[in-house]
Amino acid sequence: MTMENTLSSLPVGLEGRPVFELRGVSKTYKRRNVHALEKIDLRLTEGSFWAVIGSSGCGKSTLLKIMTGLLSPSEGSVMLSGKPVTGPRRDIGMMFQQPTLFPWRTAVENVVLPIEIRDGKKAALEKHKDAKALLDLVGLKGFEQVYPNELSGGMAQRVAICRMLITEPAVLLLDEPFSALDELSRDFMDMELQRICKERNATTFLVTHSIPEAVILSDMVSVMSPRPGRIAATVTIDLPRPRTLEMMTEPRFAAYVKQIRELLDKGAFL
Amino acid sequence: MTNKQTGANEEAACETVWAAEKVSWIDRLPRAVTMFLVLLVFLSVWQIAFMLKVISHIILPSPFATIEEIVTVGLNLLTGDYMLKALWTTAQEVLIGFMIAVVLGFFLGLLVGETDFGERMVMPYLVAINAMPKVAFAPLFVSWLGFGIASKVALAAFVALFPVIVGTAAGIHAADQNARMLFRTIGASRWQTLTMLKLPTGMPHFFTGLKNAAVLAVVGAVVGEFLGGGKGFGELIRIAASMINTPRVFALIIYLSLLGLGTFGVVLWLQRKLIFWHKETITTEELFE
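Chains as they are written, first to last, in this note's numbering: chain S, 1 to 270; chain V, 271 to 559.
Bound conformation, chain V alone (with noise of 0.2 Å):
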């Protein structure tokens, strides 16, 4: 623009127009297209690591014939051979593990978060047991609970408890003080109180608290299995990766996860239905936690 046009079009100038906001071409796509293309990318590394053979084959092999060894173990699984069995099995672990970590972590959630007693009597024990590697204690449920699935199922709840706890008693003191104080001018019972005010309040840090509790117990239960052998798919695995079929142990291995995601999805769902008025989002923190 010159500057005889500048003093002509000084009104025009006023109603600049602003430049469209630039969106790159990859936010654009929809996201089953980038979180593919992410996958590909990811594949394309893997297969160029082994043709450069980075990494002996043993131990790294190709993503086809991890691929094709998935479809294998999906097979298997579909036609309810020994795999099936076996997944069953540590569902088993993981589904009883899991509820027992509820039903007790609830509890005990209860009693340290609501109860003077819990909480300067009982908390610094549970504090001081959370700081141990739970996983090391699977040895001790094994000598205790022999090789069966009682000794899984015990790791399991064992290890996906603490965080029940914690996200409980978290709970209970999420209500604010004029909540608190609102029901305390009303003349609510404690009992009311606790049902009425402090459970649904903290209803959304229960649930943080269950969904870490669904991922960890299948660690428990695996770990359990690979110590404390059994029937079930970290027992798989194990033997797997003692034959150094490296293709199938993560053919199991991502099967395995899907246990996880299950649990974590059931936990997820119920959520969403119970705690309507909690609109949320996963966010990468809590999948972290």
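One chain only, chain S, in its complex shape (with noise of 0.2 Å):
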């Protein structure tokens, strides 16, 4: 790993078909003045795993909310599997850091929520089998009646892993889905997320602030840095798959860590 490698801002990337395509994305945001975003690059291909890093308001929620569709770019384009994000998009899958459950709702109801909305109720209880096997491929066997009220915070994000997948999105975009979870279910979880993601080859973007998490899951580690919300340093990431949690005490691991700490003392935090 060379040092050119690792900051220039738009890696080579893995090989593969790019998912998901941003070019040049600036955010200006005229009524207030403020500059969010400045020229951000990202090219993820079919079945890696993007995180990015970085701290409180260095423009994480602006560029996932451009992602999605929910906020037009000031400059520069979106394009996911190969047409251009210009409002919500079905293809895409969110979760947030809340797993944002509806309590009125059974776990394979909340699972089938996007089919509900977009397709009618007769649809969506002809996908409560796709649901069950989903909640069983996540471990939830068995909770498929269960109200949330009744699920722990590591189950529920799961069933919001769920109702994430069952739309089969081409992309998946995190906002930092465990890191309300504590340590030990966080860990647990990612690794449960690598295992997910393997299995349905989901291309992924991960907003944390957690280095770890990010350097254990990621093929690309960007960190970002703030005013306006920029890229700072790419980071790829060569840990062989599947990564255990055993590898955490690996110095490769370590250093990797280290290399992103002091990407983000830069400035990150002035």
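Don't take every hint at face value.
[Said to hold, decoys possible] Per the computed footprint, the stretches of chain V lying under chain S, defined by three or more beta-carbons under 8 Å from a beta-carbon of chain S, are:
| no. | segment |
| --- | --- |
| 1 | 450-456 |
| 2 | 460-471 |
[What the hints assert, rightly or not] When the alpha-carbon atoms are kept at most 25 Å apart in a straight line, the in silico SDA-like pairs for lysine to any residue are as follows:
| no. | chain 1 | residue 1 | chain 2 | residue 2 |
| --- | --- | --- | --- | --- |
| 3 | S | 65 | S | 176 |
| 4 | S | 122 | V | 457 |
| 5 | S | 129 | V | 457 |
| 6 | S | 132 | V | 340 |
| 7 | S | 122 | V | 544 |
| 8 | S | 122 | V | 460 |
| 9 | S | 132 | V | 449 |
| 10 | S | 121 | S | 143 |
| 11 | S | 65 | V | 466 |
| 12 | S | 39 | S | 23 |
| 13 | S | 30 | V | 386 |
| 14 | S | 258 | S | 151 |
| 15 | V | 543 | S | 105 |
| 16 | V | 355 | V | 515 |
| 17 | S | 132 | V | 466 |
| 18 | S | 121 | V | 546 |
| 19 | S | 127 | V | 457 |
| 20 | S | 141 | V | 547 |
| 21 | S | 127 | V | 463 |
| 22 | S | 198 | S | 179 |
| 23 | S | 122 | V | 465 |
| 24 | S | 65 | V | 462 |
| 25 | S | 127 | S | 198 |
| 26 | S | 121 | V | 545 |
| 27 | S | 39 | S | 21 |
| 28 | V | 404 | V | 390 |
| 29 | S | 122 | V | 405 |
| 30 | V | 543 | S | 151 |
| 31 | S | 122 | V | 471 |
| 32 | V | 355 | V | 340 |
| 33 | S | 141 | S | 126 |
| 34 | S | 121 | V | 464 |
| 35 | S | 141 | S | 191 |
| 36 | S | 121 | V | 451 |
Please keep in mind that the hints were generated in silico from the structure rather than gathered at the bench. Where a beta carbon is used, it is the ideal one built from N, C-alpha and C, also for glycine.
Combine the two chains into a complex, taking the hints into account.
As structure tokens, this is what we get:
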């Protein structure tokens, strides 16, 4: 790993078909005169895992909103599966820090919610079988008819994963998905996430505050710096897959963590 | 423990036995018993005050006279005499007024909570009207709608309206940022977001409004009767008070409060049925809101 490689803003990336492509995306909130994002370039290839790390207020949520089509960029283009993103898209799956489950719906009803909204109640009922298979995949067999009140934080996030996967999205956008969990559950859920992503060959974009989480999961880790939000550096994580929690004790892992921490310290917390 | 023993028993000392947590005897009694005790203390203080003639007997009757009157009025109600008719009249005013308040309040709450127009143009007027002492409108309602049931229904509805508006509007705003974003990314329509996210999320707020409205509707109806006559329970209270029949006034108020309690209870029951996911007990805050 050479410095040129790690510090270039747009790395060569892995081989494969690009799924998500951002070119020169900038965002200025004219009314408040805030320059939120500055020339973001991202190229997510199929089946890859990309993490973005940065302090609060570095423009991550603006970036996510642009990627999901909730905000339009002031400059630049966003392409998903070869088509420009101009509004909410069916082929994007999203997950948040909170599970955001609806307490009046059972686990399986929560999972099929996106189908119900898009294609109606009947289509949702037909998807119950798929939803159950997904709940099985995340280890929640037998919890289909349980209400969210009776689920632990980790279990609720698994249901949220299923809800994200039910529409078979081309890309998964994860906004600090496990940061509300305790450290032990978080490590476990990270490994679960890796397993699920591999099983479905998912293309994943993760926003996180945790350097170890970013390193253990990702092929690429981008470091964002604030005001205006831009990608300061991108590190290619060259650890073999599947990753295990034991790798976290290896010197290579520690070296990546150290490298990213140093990149962060450069200006992110000024 | 002496010093010698301390050394020898060092290990044993580690297993310190904690003294059992002290619970006062009053907390150990069943709730029904303590509640009855409180009532007994209250009645005793009342009786003592009566015997010491702290207040004139005309104004403050003895607790026994009052209990006797409660029984008399209760028997009158049970035998379906004129008092039951009066209670039914008031009950009608309360229920119709309450239902009008719920329907109207819900739609006004929707208007204010969901639309920009409502929030910017209608809200300020609602806030202004809410700040007014609403029962002061009673004479107006009487002169507009006459001495019959209509003026009382109108006042009950008017007084009960605002908590429903506030509850509905607050409920609509209760859905959190992530849930809204999720619905937007899924591509939900405004109608879907309202019916599948905002209204269900807001149900607890809506029901808080309903519970307040249930109690206030009784206030509205009775004040209407005080000022506009009619054949209701308020009128009975007014007559008893004008004859300085204080025990009767107390007895009538007791039965009237059952009306409010009944409506409140029905709303509470409905809430527990509908919002099964929201396990809550009635808080003091909510009661006195």
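Hints, one by one, checked against the model:
| no. | hint | in the structure |
| --- | --- | --- |
| 1 | 450-456 | holds (count 6) |
| 2 | 460-471 | holds (count 5) |
| 3 | 65/S x 176/S | 14 Å, holds |
| 4 | 122/S x 457/V | 18 Å, holds |
| 5 | 129/S x 457/V | 23 Å, holds |
| 6 | 132/S x 340/V | 61 Å, violated |
| 7 | 122/S x 544/V | 23 Å, holds |
| 8 | 122/S x 460/V | 20 Å, holds |
| 9 | 132/S x 449/V | 23 Å, holds |
| 10 | 121/S x 143/S | 21 Å, holds |
| 11 | 65/S x 466/V | 22 Å, holds |
| 12 | 39/S x 23/S | 7 Å, holds |
| 13 | 30/S x 386/V | 22 Å, holds |
| 14 | 258/S x 151/S | 36 Å, violated |
| 15 | 543/V x 105/S | 15 Å, holds |
| 16 | 355/V x 515/V | 20 Å, holds |
| 17 | 132/S x 466/V | 22 Å, holds |
| 18 | 121/S x 546/V | 22 Å, holds |
| 19 | 127/S x 457/V | 18 Å, holds |
| 20 | 141/S x 547/V | 22 Å, holds |
| 21 | 127/S x 463/V | 21 Å, holds |
| 22 | 198/S x 179/S | 22 Å, holds |
| 23 | 122/S x 465/V | 17 Å, holds |
| 24 | 65/S x 462/V | 21 Å, holds |
| 25 | 127/S x 198/S | 22 Å, holds |
| 26 | 121/S x 545/V | 21 Å, holds |
| 27 | 39/S x 21/S | 13 Å, holds |
| 28 | 404/V x 390/V | 23 Å, holds |
| 29 | 122/S x 405/V | 50 Å, violated |
| 30 | 543/V x 151/S | 21 Å, holds |
| 31 | 122/S x 471/V | 23 Å, holds |
| 32 | 355/V x 340/V | 17 Å, holds |
| 33 | 141/S x 126/S | 19 Å, holds |
| 34 | 121/S x 464/V | 16 Å, holds |
| 35 | 141/S x 191/S | 18 Å, holds |
| 36 | 121/S x 451/V | 21 Å, holds |
Hint compliance for this structure: hints 6, 14 and 29 are not met, and every other hint is.
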